[in-house]
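What follows is each chain in one-letter form.
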Amino acid sequence: MKLTGSEIFIECLKKEGVKTIFALPGGVVLKIFDMLHQQKDVQVILTRHEQGAGHMAEGYAKATGKAGVCLVTSGPGMTNVITALADAYMDSVPLVCFSGQVPTSLIGNDAFQEADNVGLSRPCTKYNFLVKDVNDLAATIKEAFYIATTGRPGPVLVDIPKDVSMAKAEFVYPNSVSIRGYNPTYDGNKWQIKQAAEAIMKAKKPILYVGGGVVFSGAAQELLELAEMTQIPVDMTLMGLGAFPGEHPLSLGMMGMHGTYQANMAVHYSDLVIAVGARFDDRVTGKVSEFCPYAKIIHIDIDPTSIRKNINVDIPIVGDCKAVLRELNQILRATVNGEQKTLRKPWWDQIREWQTAHPLTYQQDADGPIKPQEVVKRLYELTKDRDPIVATDVGQHQMWAAQYFKLAKPNRWLTSGGLGTMGFGFPAAMGAQAAFPGRLVLCIAGDGSVQMNMQEMATAVVSKLPVKIIILNNRFHGMVRQWQDLFYEGRYASSYLDTTPDFVKLAEAYGAVGLRAKKVADLDAVLKEAIAVNGPVIVDVPTHPYENCYPMIPAGGCNHEMILEDPPELKKKMAGTPQVTPEDKDTILTA
Amino acid sequence: MEHIISVTVENKFGVLSRVAGLFSGRGFNIESLSVAPTLDPSMSQMTIVTSGDERIVEQIVKQLNKLIDIIKVVDLSENEFVSRETALIKVHTRMEDRAEALRIVDIFRANIIDSTPGTYTIEVTGDPKKIEAIINLLQPLGIKELTRTGRVAVAREPIRTAAAQPKKIARE
Ligand SMILES: Cc1cc2nc3c(=O)[nH]c(=O)nc-3n(C[C@H](O)[C@H](O)[C@H](O)COP(=O)(O)OP(=O)(O)OC[C@H]3O[C@@H](n4cnc5c(N)ncnc54)[C@H](O)[C@@H]3O)c2cc1C
Ligand SMILES: Cc1ncc(C[n+]2csc(CCOP(=O)(O)OP(=O)(O)O)c2C)c(N)n1
Ligand SMILES: [Mg+2]
Chain A
1 MKLTGSEIFI ECLKKEGVKT IFALPGGVVL KIFDMLHQQK DVQVILTRHE QGAGHMAEGY
61 AKATGKAGVC LVTSGPGMTN VITALADAYM DSVPLVCFSG QVPTSLIGND AFQEADNVGL
121 SRPCTKYNFL VKDVNDLAAT IKEAFYIATT GRPGPVLVDI PKDVSMAKAE FVYPNSVSIR
181 GYNPTYDGNK WQIKQAAEAI MKAKKPILYV GGGVVFSGAA QELLELAEMT QIPVDMTLMG
241 LGAFPGEHPL SLGMMGMHGT YQANMAVHYS DLVIAVGARF DDRVTGKVSE FCPYAKIIHI
301 DIDPTSIRKN INVDIPIVGD CKAVLRELNQ ILRATVNGEQ KTLRKPWWDQ IREWQTAHPL
361 TYQQDADGPI KPQEVVKRLY ELTKDRDPIV ATDVGQHQMW AAQYFKLAKP NRWLTSGGLG
421 TMGFGFPAAM GAQAAFPGRL VLCIAGDGSV QMNMQEMATA VVSKLPVKII ILNNRFHGMV
481 RQWQDLFYEG RYASSYLDTT PDFVKLAEAY GAVGLRAKKV ADLDAVLKEA IAVNGPVIVD
541 VPTHPYENCY PMIPAGGCNH EMILEDPPEL KKKMAGTPQV TPEDKDTILT A
Chain B
1 MEHIISVTVE NKFGVLSRVA GLFSGRGFNI ESLSVAPTLD PSMSQMTIVT SGDERIVEQI
61 VKQLNKLIDI IKVVDLSENE FVSRETALIK VHTRMEDRAE ALRIVDIFRA NIIDSTPGTY
121 TIEVTGDPKK IEAIINLLQP LGIKELTRTG RVAVAREPIR TAAAQPKKIA RE
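Chains as they are written, first to last, in the working numbering: chain A, 1 to 591; chain B, 1 to 172.
Some clues are possibly wrong.
Said to hold, decoys possible - Examples of chain A residues lying across from chain B (beta carbon under 7 angstroms, computed): (1) Pro123; (2) Tyr127; (3) Thr305.
By construction, these hints were calculated from the structure, which means they are not laboratory data. Model, not experiment: these values are computed from the prediction. Backbone N, C-alpha and C define an ideal beta-carbon position, used for all residues, glycine too.
Required output: the full structure, derived from the provided sequences and hints.
Pasting the structure below:
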């Protein structure tokens, strides 16, 4: 029997096991929506903006490890989703985005709502397709899911012209895919793995540098075994958080620009860096020429282009983290003995010394303004037993969440690292919630960022996605203000937000619940109350406007040269009134 | 250093822009790029002349390999290869210059493929140095138009592909 392109689209989603898609309609995709409306297998979550749809699909993907799916219309629908595609591309998130296109006969004519979707998305997708013939549709969708989820994951766009969605073809879903130019390597080179094992056995000051690849690869168990067996300390990147239990004694926490003191000192002074599924981003390496100057480097990554892109490595291993770590563990199991522990005792003594010298700190006065770190810490303490999923926006609050919310397992951490997209957190949290309706999903947000996709509160209410947003409301683009304080002599050009909406009333306006914690003493009660609500909640927490996030390695600086606290002139500011002073507002007006 | 990279690609629409986009997006040089069909109609052959230090060229090769529509990448410069380029040069020829033009054509074993009372169109094939040389000699006559194909190249037998020859990777 022949099916229309729209029916084929739905059949393909069913074959791929897709239960939920995030979508917003328009002229050229109406046929597809009409067919979606008449079936029950695939749930459609109607978003209020296509960027929201894209980030929801990302959140869904990060939490489940499966491809997230979104559907948008041509022209403005497509341009709106581009930010999410770029975000997914940077952070290697498996995504399949379907876009509508004007009928094939009109392509290139500047037709109504026409955009060159394939051209627009080319630099921010792993691959993209324009389907010109309905007979190719099913095979194309199969390839799209295959490409998005294999190798180094990433977003794939499938552009479907209106006539293709209406034309009929026999539905045949291919069983397998074979693309001659695309053959990801999963198994690492055995000889190289042996070299790595030997280096690990000999190292006196080894460190594991763990990235997002461990999460994608589902290699957390193998990593845990490796670290425990060899007693090697673990540094995580922002994207690697959760790949190794944050409370584990071997965990040194996050590394990089806002990483912990011990994590950065350890990588700087180590003699062997074992990078697993990490891409030597400049937020981690700092000044490349002085990144871990004393170390040999082993780099395990599925993408050959990640290796030697920024940093030279001694033992490159192209392959999947899980497969490579398994092989490595097998060799090590036979060779590891008590000696490594003795060999590394001085290293661990040094690390413990660093840890006690400069732990993460902040000062919370009992009746002073609420410190943002305290909010994250309380939230963590109150929810850790419920194994929550935590999303963040971008800014200081994101870094505090990374520092203080110690995740125990992978796929619980939804954050935008590579692109650093403000507005990512809330929709990403909703996507994860759609995948796991019963789980506790938190979004630690900034007052600036959260406004970038606030419209999705309507989606959360209507689609019953009970995400809890906790806004660390410092009335500033805090991360920007911090840089202005440290590097622009405190001139607050466009970082003070002045009027932000009353977030409590805003939540209520959408039909959600709004709460506010005004004092430290209220925090626990308000957070508990929020968690108990069976529906979306905004918790507005006014925090100290001038709190800065430390440690900090200035961009291009060296990992062992961290700023650990406010310089004296800023300390004065902290001690004063927590209100934003008129002078600070004036700098904005004159900026 | 200059590298000539031979790339076998799917013969699909959009492939050229993926390759061009890769070079422009990552700030790699393209000195010339030529594309033509192969014996297998489903594939095309590109020859890309690029330059960069060892690390950049390694990235270029890896990034090209990563493109899904690219089937095979060979950095010809790692081994012996032969390369040629063709130029079509239209020169002004006054009566008294025509003999000189013919002499130059002869020296370079070039061909005259079109002739009018006031012009010759000369076809010359060779390595870039030869093409530069004939252009220099013809310039005094007055070059009206010039187009060059960009280089094409093949490895000399026996060939070892880039993939079959893992580079020794050492930290500086
Ligand atoms: C405000 C802000 C501040 C930031 N500060 C920091 C900071 O202090 N510290 C920090 O670490 N980051 C920070 N970041 C994030 C930073 O920009 C990068 O996104 C991050 O460091 C990259 O993490 P990663 O190396 O784990 O790579 P990812 O982007 O997670 O990439 C994963 C790597 O693993 C590989 N891979 C994928 N799948 C597999 C597999 N199956 N097997 C093997 N390999 C695989 C990929 O090819 C890739 O190379 C910050 C971002 C923002 C917005
Ligand atoms: C879409 C987008 N625009 C601009 C930026 C630059 N930027 C990075 S952090 C930041 C401020 C974020 O403010 P807020 O959400 O209030 O977080 P805070 O730093 O105050 O915790 C800005 C503007 C960005 N990352 N993303
Ligand atoms: Mg803020």
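Next on the checklist: For a quick check of understanding: which of the numbered hints are violated here, in increasing order?
Outcome noted: none
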